[in-house]
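Line by line, the protein sequences give chains A and B. Using my numbering, the first residue of the first sequence is number 207, and each one after it goes up by one. Using my numbering, the first residue of the second sequence is number 207, and each one after it goes up by one.
A few of these clues could be false.
Which copy is meant is left open, because identical chains are indistinguishable; a pair holds if it fits in one copy or across any two.
Capping the alpha-carbon separation at 20 Å, the derived lysine to aspartate or glutamate pairs in EDC-like fashion look like this [what the hints assert, rightly or not]:
hint: 1; residue 1: K210; residue 2: E334
hint: 2; residue 1: K343; residue 2: E270
hint: 3; residue 1: K240; residue 2: D386
hint: 4; residue 1: K240; residue 2: E394
hint: 5; residue 1: K343; residue 2: E267
hint: 6; residue 1: K210; residue 2: E365
Quick caveat, the hints were computed from the structure, so don't treat them as lab data.
Number of protein chains: 2
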Amino acid sequence: MGGKVFVSIGMSLDGYIAGPNARPGNPLGDGGMKIHRWVYGVEAWRERQNLGGGGTNVSGEIVEENFERAGAYVMGRRMFAEGEEGWPDPPPFRAPVFVLTHTPRDPWERQGGTTFHFVTEGPEAALERARAAAGGKDVQISGGAETVRQFLNAGLVDELEVHLAPLVLGSGVRLLDGVDPGVTLTPERTVGTGEVTHIRYRVATG
Amino acid sequence: MGGKVFVSIGMSLDGYIAGPNARPGNPLGDGGMKIHRWVYGVEAWRERQNLGGGGTNVSGEIVEENFERAGAYVMGRRMFAEGEEGWPDPPPFRAPVFVLTHTPRDPWERQGGTTFHFVTEGPEAALERARAAAGGKDVQISGGAETVRQFLNAGLVDELEVHLAPLVLGSGVRLLDGVDPGVTLTPERTVGTGEVTHIRYRVATG
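Chain A on its own, in the form it takes in the complex (with noise of 0.2 Å):
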């Protein structure tokens, strides 16, 4: 029962999610920026960001999907600490986020319908209560690398998207080192687009 779990991340060609030097103040690292170049302009984003305007495209409709469909969401420590002085208020997500931490500490909600939910027990239990917190609806896990790849070797992610930015970055943090090679993805949907290419991958551990 329940909906899927599902990675929906920005990537370089070459590999990585963000810069280097990524810590809070510089969530997305030295030049990580450019790898959501595409989103910025996409009125579905900036929405949740509670700016204005903004453009519809094909990626704007990609955007829009993963949001709709994320009834809750999973997120790394890390992630976490970089994007919490940077998130406007409300936060874009718009439902429970699972914060994966050693630290206990009581749910901070804000507003909008986000609430951020602090996880000591481990990424299977922060999943199980994202699950039942997120109403039938999918589950995102959003990142940072390291949860990515903790939730891909643990067989716990459905779909994997990547929206892969046409650049190099030459350095940062990539999002598939250490990921396991028995990981099994199937293209289920690739959109192109001149600035971004859409991949959505089925995913299965064997």
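Got chain A; can you put chain B on it based on the hints?
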């Protein structure tokens, strides 16, 4: 005057074009054949390997297109050394191949229109000779990774086509390590199938 300079190369989702331990006798490295799994059933490819059978599909059309547009090839010495024993006779190129090397050697003419020429004067000299030999058709930079990097960084490539294989290889030879992040890539054509994603980028250096 003259055609374009293009790269057309298979790469795993984590950026590898060959597995570890690539050498003569193991030209694609350990596990590297998986990167090209999509091509082994393609009639147009099999025909060039002097194998019968295979089928036609959209990936086959792309293979055929690449073979047809290439009037000459440029290749690194390691790729030549690794392929030398493995290519069938007649070899799949059916056009002049200019091999970058430090060791002078007489041209090696094989059946079916493939002659290997050995160029000791560097990449630009090899490209100049390939252009002249291509008779107005395009020149393909065949590989390996070091040669592709050299040509990309020198601003000598017009198009990079990546055949992105849906797999995590985990180790081996990466295509884009050391490529100048100043290289600009613009997706021009994306063709996705359930086995591979073909993305053609226009390349600019600046």
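Query raised in the report: Hints broken by the structure, by number, lowest first?
Result: Per hint list: zero violations.
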